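Here is what each chain is made of, one letter per residue.
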Amino acid sequence: MGLGTETRQRIARRAALEIKNGMTVNLGIGIPTLVADYISTDLHIMLHTENGILGMGGSPLAGHEDGNLSNAGGYPVTIQPGASYFDSATAFGIIRKGLLDVTILGALEVSERGDIANWIVPGKRVPGMGGAIDLAQKAKKVIILMNHTDKNGNPKIVKNCSLPLTVKEGANMIITEKAVFQCENGKLYLREIMNPYTVEDVIQTTGASIVIDEQVSVFQ
Amino acid sequence: MVQSVNKQISLESASNYFFNGMSLMVGGFGGVGAPPSLVNLILEKGIQDIFLISNDTGFPWIGPGKLITEKRVKKLIASHIGSNPEAGKQMQEGSLEVEFVPQGTLAEKIRAGGMGLGGILVDVGLGTVVEAKKEKIFVDKKEYMIETALTADVSIVYAKKADLYGNLIYDKSARNTNPLVATAGQITIAEVEEIVPVGSLDPEEIITPGVFVDYIIQSKGVDWKWVWELKQDKESQEGQHSK
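These protein sequence lines map, in sequence, to chains B and V. If you're matching positions, the first sequence starts at 1 in my numbering and goes up one per residue. If you're matching positions, the second sequence starts at 221 in my numbering and goes up one per residue.
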């Protein structure tokens, strides 16, 4: 089932806390795009896009859109002071060289080791990987934002991904409407639960082994 | 008197360089920076069986997406077709052969083709389906795939400004794959918003040296509505209905 606006906003608000001053960040399409709204304006962040902008700003005011200035999804954006434009080879050179501190992506499945599947459901939805493999494999920190379960209620955090992988052991953090996990050394650590869910809810709806080695805090 | 090179041709005569079965590289990302007049010309001239190389397939009515919608493409190399359901449909039906390449790798394969290289060494996609059938090599004990270079019979690009020699300057994020695609065609045709005399561009500003460009044509401008414009139209209509 799709998530309500408020839930999506909360996931985005939580993800924004991972973004620190001076970071270079790429936000994927969907909930990840919403994260930009929650990054403190006190921070100096350079937002990167695959189509060739470093220093992307927010949406322009209605009537001020420029057809030649857009994000990777094709929607109009603005730029921040210090921004630069470059071709796609450079855009991906920035990614491949490991210059992105954080990338925030959606996913279809994530395994307990941090394997990510997010670009293909064979025979059903075959959109192509776009820049997902480059981003998931090369960003210093990969944060996955997604529903905790699929539309049939099946866990999306699983022991082993059943879908073709985007990257092996690529995820560092998973944020869902129910919980925040850290992926480290091949293990999945429960760090926070989202109010009003309980640790039991999370364990029941997660298809992977969860390690709880410290106090699990509650994110409001 | 010094003779000057003039690469400007009419839009109509650009059609001399298009042919059935050609490999065609198209600049642009999500349709932004795709050359609208040249895409329309290919449609009007009835060119078929195109082997299209493009970052993506735009939207059904935007950029190279139009070529897919009109069933002119038989084979496609792209990183993403998600915004063009028609491409997905034709792929499922088997009428469109699609090879997916990770976006950054695709850009570099095109760049390699344009720069006269045989290929590149890439580790993006190791451990995934991307590595199927790829030759591997170890450099300094690190594993890479050999990705071969891409070139095309014809490259078409969009630029903001050109001089008559074909030096190109792009516009903001409409630059994207255009400087790469411009170098990788056997013949490169640039559709340009503004054409100026040789000598009037600052050499420091030129992104694509004119030596890579064979012909330039005057653009008639974008003739499609962007997704966000359609969304606004829809919202304003819905707003009116609710009044």
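Source of the hints: derived by calculation from the structure; they are not laboratory data. Please note that a few of the clues may not be correct.
Stated by the list, open to error - Calculated pairs, DSS-like style, for lysine-lysine (alpha carbon to alpha carbon, straight line, at most 30 Å): (1) B/151 to V/361; (2) B/151 to V/265; (3) V/227 to V/354; (4) B/124 to V/451; (5) B/124 to V/265; (6) V/361 to B/187; (7) V/362 to B/141; (8) V/380 to V/265; (9) B/124 to V/361.
As the list claims (entries may be wrong) - Residues of chain B placed beyond 12 Å of chain V at every Cβ, according to the derived structure: (10) 22; (11) 43; (12) 70.
Everything numeric in this text was worked out from a predicted model, so none of it was measured. Don't be surprised by glycine CBs; every beta carbon is placed ideally from N, CA and C.
These are the hints, each one checked on the structure:
no., hint, verdict
1, B/151 to V/361, "violated, 44 Å"
2, B/151 to V/265, "violated, 46 Å"
3, V/227 to V/354, "violated, 40 Å"
4, B/124 to V/451, "holds, 26 Å"
5, B/124 to V/265, "violated, 34 Å"
6, V/361 to B/187, "holds, 27 Å"
7, V/362 to B/141, "holds, 21 Å"
8, V/380 to V/265, "holds, 25 Å"
9, B/124 to V/361, "violated, 38 Å"
10, 22, "holds, 23 Å"
11, 43, "holds, 23 Å"
12, 70, "violated, 5 Å"
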